[in-house]
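Those protein sequences? They're chains A and B, same order as listed. So the first sequence is numbered by this note's numbering: it starts at 1 and just counts up by one. So the second sequence is numbered by this note's numbering: it starts at 1 and just counts up by one.
Calculated directly from the structure, the hints in this document are not laboratory data. Incorrect hints may have been included.
If you want the footprint, here are the derived chain B segments under chain A, 3+ residues with CB under 8 Å [what the hints assert, rightly or not]: (1) 41-53; (2) 63-69; (3) 124-130; (4) 159-172; (5) 189-197.
Ideal Cβ placement from N, Cα and C applies to all residues, glycine included.
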Amino acid sequence: MAITLDAKIPEGPLEHKWDEFIAHEKLVNPANKRKFKVIVVGTGLAGASAAATLAELGYQVDAFTFHDSPRRAHSIAAQGGINAAKNYKGDGDSIYRLFYDTIKGGDFRAREANVYRLAQVSVNIIDQMVAQGVPFAREYGGLLDNRSFGGAQVSRTFYARGQTGQQLLLGAYQQLARQVGLGGVRLFNRSELVDVVVVDGRCAGIVVRDLVTGEVSSHAAHAVVLATGGYGNAFFLSTNAMQCNVTAAWRAHRKGAAFANPCYTQIHPTCIPQADEFQSKLTLMSESLRNDGRVWVPSNLDDSRPADQVPESDRDYYLERLYPSFGNLAPRDISSRAAKRAVDSGRGVGPLKNGVYLDFADAISRLGQGVVFERYGNLFEMYERITGEDPMKVPMRIYPASHYTMGGLWVDYELMTTIPGLYCAGEANFSDHGANRLGASALMQGLADGYFVLPNTISNYLAPLLGKSIPGTDHEAFQVAEQEARDRFTQYLSIGGTRSPDHFHRELGKIIWDYCGMERTEEGLDKALSEIPALYDEFQNDLRVTGDGESTNQTLEKAGRVDDFFQLGLLMCLDAKERKESCGGHFRAEYQDEEGEAKRDDENFAHVAAWEWSGDYTAPVRHEEQLEYEVVQLQTRSYK
Amino acid sequence: MNVVRNLTLKIWRQAGPDRAGYFEEYPVAEISDEASLLELLDILNEYLINEGKEAVVFDHDCREGICGTCSLMINGQAHGPQRGTATCQLHMRKFQDGDTIVIEPWRASAFPIIKDLMVDRAPLDRIVEAGGFITADTGGAPDANLIPIPKPVADASMDAAECIGCGACVAACPNGAASLFTGAKLTHLNLLPQGQAERYKRAEAMVETMDEHFGSCTNHGECEAACPKSISIDVIANMNADYLSSKFKNRKKLSRV
């Protein structure tokens, strides 16, 4: 099946495109909406908000999550905040400025029309969430408070202590729960998508595996929404939750959905450094800490004095030195690379010399302990639980870690993938962040997609299907997909090798981190492209999964996810190799200027790379969607 | 890096909801004090798989103390000995050489065991579905700054909203009550101006759904001590006050119909 990448961007000036779309979209009348079944997979911000809103509109919705409850989705772990162009501070913010900051933050590799729409609906998100009871931080007069975030010179970030993601997810979860109670949504928990079913070129439904009984079953629908998050766990060590995986997106990719820009991965600058070899997960410390924390390393190599004994003259506040106008609030990709260089130069701090300091001493003397603790207390406590050190007394140690993936399933302006009837929302799609995401924009995008974009665009697809019958789960395509899924899981159990899925995941992660992490080279990527298939062979022949397939078996679940990470990991490296430029989170050492800053190649790479599955995971087909800029002038990104 | 030596893990194994359970002992020669308790279980599982045995099933996800997926009774305490800390944030530096660590699933009849240390907490979702929300369909919300909320009110609402829904309060309660969980959600929503329209209907619906699944509160206070978010037992008083009021207010409205 040849794919076409038609972004379907509405006509008209940028600021009117979304209004134009809404004015002319096809609608389904209220009484007919209940005749349509929509499946939503994933119940994070994008999935829960989409499921709830679609049910409010009257569609029959089936929502699937592999968690025990929709409220566990990893959106819950976002700490810092959510951006919105409310300009409540009167500091010069506007929809255009949020749009421009996002495009620039993404290093001019995102689609203009999508990003402008995101900035437009950002203001509705805040209104909606306040109406639903999200207890955002407020000032003494009772109005909403804002803080600043990386990559912006205005304060437009709304927050709820250090738990903004939690409060927003609970808001969306409660709306979803309300619909479950009202019967508008049927909830399937502990159910994992194992395949997407396509009949006559359109998405007909999904196949899921019950994680309690191991039973595989089919579900048919008029349309399917995947809101299944990012693939940052390809690196094994990341700030993602342990269960985060690429399986849903990958299974859709194998059925014809193009996968866009897999090499755009975000390495977050402020995570707690790895403490030892067996560690299974890294913990993020919110970027908001950089509002008051100063990043530094000792100026001299092998300076092993405790932080408080290093005099000012022997400290290198390298972000303030290199990027005076943004300082400690430089965007994530730039801050991460600067930290890597400081550590690689031998000036790292901590027992393993694998971190840099984030120091609050100045803020404490300027604002007092009380104010600093009120702003960051819960983050400080979390840091202390993990490291045993109190950031009020000694500087935090931080280091970059895999955190977010800008790449994902290719979608058009309506968030439809290259499979008609299959939509993708939130982190799982590629649409809005280009090559680098700004802080506090993930929550914004997830909710924009789920609350405001999908409920509008999906009717455009459904309206013409009124009165037509759709393939049921007795259709042969469902039976085939079910059998393939059963066979796959039986196969994992029957290999009978010697190594666990975690072993392979850890080894795969090391390869991807070393060669497709913060800095990439053609040579390194070639190495990865030969090492990954070798390790994958070993996985297929030497995997050991104990237990059975008829009851809860987390080892078996993991095997399926690692299998898909292998194939995706290879695609990440291929994509990174083909993109012969540096942009945002994708830094190719061959393409940098004299000062070590990323060098883009707008002539040849101002496009989205969308990969088509060919049946052989080592030989996908690369397609391009040219990025047309009507309003923004492409510039070299500078935060100096 | 320091290590903790000669630990004995006593872990509850149970093949399914209707199977008999038992404790199995696993010796641990040494473990870094930087490891979390769940990382210790990861290492144990890696060892069990290498031995050809089935790994211990336990719920976990974010490992940052926010998703509420992890559980575990550790030496008889929900989420273990460290106050205000979820199991995933409990590190081995809190244990001594030679300790025996007893690990069990949540103990509550409302949370039946699925396998080993994994339980079914779905009744908590049923309580939220009954009324733990503010009815505000997407679209048409007024400007977010239209209704000022005094900072102390927003802060108190947030204190209650921090609940992660892990179920530790239920597991710690001698009666298996879910009053802290329900009270926290009611306090979060009922304090806010946006929550007033459905305040008493919400209290009535949530409390009565809670009573269908869980035991009754008799003010032991174990829930507050076990809560990884240190949610105050005051939320139960708020819940009781609103529930009582609901019985007058909702009836009064009915009589007007």
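The hints, checked one at a time:
1. Given as covered by chain A, the region 41-53 of chain B passes the check, having 9 residues with a CB less than 8 Å from a CB of that chain where 3 are the minimum.
2. Counting residues of the region 63-69 of chain B whose C-beta sits closer than 8 Å to any C-beta of chain A gives 7, which meets the bar of three, so the coverage hint holds.
3. Here's how the region 124-130 of chain B fares: 5 of its residues keep a CB closer than 8 Å to some CB of chain A, so the rule of at least three is met and the hint holds.
4. Proximity of the region 159-172 of chain B to chain A, defined as three or more residues with a beta carbon under 8 Å from a beta carbon of that chain, is established by the 4 residues found.
5. Under a criterion of three residues with beta carbons nearer than 8 Å to beta carbons of chain A, the stated coverage of the region 189-197 of chain B is upheld, 4 such residues being counted.
Of the hints listed earlier, there is not a single one the structure fails to meet.
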